[in-house]
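A.B. asks: Sequence:
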Amino acid sequence: MATSGEHRTIAPICTFASRKVLSNPNTTHLLKVGDKFHNRKLAETLRKIAGSDKKGRFLESGYEIQAMVKELRELGGVLTLKDFEDFRAQLESPVSVLLSRDEWLFTTPAPTSGAVLAFVVSVLDRFRREGLLADDELSAHRLVEALKFGFARRFQLGDPDSFEIKE
Numbered sequence: 001m002a003t004s005g006e007h008r009t010i011a012p013i014c015t016f017a018s019r020k021v022l023s024n025p026n027t028t029h030l031l032k033v034g035d036k037f038h039n040r041k042l043a044e045t046l047r048k049i050a051g052s053d054k055k056g057r058f059l060e061s062g063y064e065i066q067a068m069v070k071e072l073r074e075l076g077g078v079l080t081l082k083d084f085e086d087f088r089a090q091l092e093s094p095v096s097v098l099l100s101r102d103e104w105l106f107t108t109p110a111p112t113s114g115a116v117l118a119f120v121v122s123v124l125d126r127f128r129r130e131g132l133l134a135d136d137e138l139s140a141h142r143l144v145e146a147l148k149f150g151f152a153r154r155f156q157l158g159d160p161d162s163f164e165i166k167e
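Throughout the sequence shown, residue numbering follows our numbering, covering 1 to 167 in sequence.
No lab work stands behind these hints, which were simulated from the structure alone. The beta-carbon is built from N, C-alpha and C at its ideal position, and this holds for glycine as well. Take the hints with a grain of salt, since some may be wrong.
Stated by the list, open to error - Below 25 Å or equal to it, Euclidean Cα-Cα: the simulated BS3-like pairs (lysine-lysine) are:
1. Lys82 - Lys70
2. Lys82 - Lys41
3. Lys82 - Lys48
4. Lys54 - Lys70
5. Lys48 - Lys70
6. Lys48 - Lys32
7. Lys82 - Lys54
8. Lys48 - Lys36
9. Lys41 - Lys70
Stated by the list, open to error - Just the calculated beta-carbon pair ranges, DEER-fashion:
10. Val33 - Asp53: 35 to 43 Å
11. Pro25 - Tyr63: 16 to 24 Å
12. Asp53 - Arg153: 41 to 49 Å
13. Ser100 - Asp135: 14 to 22 Å
14. Lys41 - Leu147: 24 to 32 Å
Using the sequences and the accompanying hints, generate a full structural model.
C.D. replies: Listed below in structure tokens is the structure:
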């Protein structure tokens, strides 16, 4: 594991635009703690959206979406330009979980992984509540197991607009 002063190169995996944000463009080393970076493409895109008459519909079929769809498909994704063109934002009720210490977790509903996040945090909260969550290897193992089981259940979730969801 690299410390804050060490560098690890990501040149072999730095072929996709989204990964380049994590590296120094001059060295291809991962950014270190305290490094500053600028996401100029994101800033440019946000300026275009702000200046567009279309506002939220600006990205539905522009160059930015075409590039994103191309990259996602190269990674095995299934999104298409039509998915973006047909998308309409909807206001949905959040997934909510009451944790110990009267804390609430609010997250996004399906088709996102919000329910998985709620499951994982609930498992970890139980370990915390019972005093079993320390800064040690066993706690790290518990975190990994909670994530593993949570994301294994992810495949049982679906988009309620596309699938009949059963309890």
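A.B. asks: The structure should be examined with respect to each hint, and the outcome stated for every one.
C.D. replies: Structure-based check of all given hints:
Straight-line distance between C-alpha atoms of Lys82 and Lys70 comes to about 13 Å, which keeps the hinted pair within the 25 Å bound. With a C-alpha separation of about 23 Å, the suggested pair Lys82 and Lys41 falls inside the 25 Å cut-off, and the hint holds. This hinted pair checks out: Lys82 and Lys48 have alpha carbons roughly 21 Å apart, not beyond 25 Å. Between Lys54 and Lys70 the CA atoms are separated by roughly 23 Å; this keeps the pair inside 25 Å, and the hint holds.
Between Lys48 and Lys70 the alpha-carbon distance is near 21 Å, which keeps this suggested pair within the 25 Å criterion. Annotation: proposed proximity of Lys48 to Lys32 is violated, straight-line Cα distance about 30 Å (limit 25 Å). Pair hint Lys82 plus Lys54 holds up; C-alpha atoms about 17 Å apart against a cutoff of 25 Å. Between Lys48 and Lys36 the alpha-carbon distance is near 24 Å, which keeps this suggested pair within the 25 Å criterion.
Under the criterion of a C-alpha separation no larger than 25 Å, the hint pairing Lys41 with Lys70 is consistent with the structure, at around 17 Å. Taking 35 to 43 Å as the suggested C-beta distance range, the pair Val33 and Asp53 conforms, at roughly 42 Å. Take Pro25 and Tyr63: their Cβ atoms lie about 21 Å apart, and the range 16 to 24 Å holds. Against the hinted window of 41 to 49 Å, the Cβ-Cβ separation of Asp53 and Arg153 comes to about 43 Å, which satisfies the hint.
At about 19 Å, the beta-carbon gap between Ser100 and Asp135 stays in the expected band of 14 to 22 Å. Distance hint for Lys41 and Leu147: a CB-CB separation of about 30 Å, consistent with the stated range 24 to 32 Å.
Checked against the numbered hints given earlier, the structure breaks only hint 6 and satisfies all the rest.
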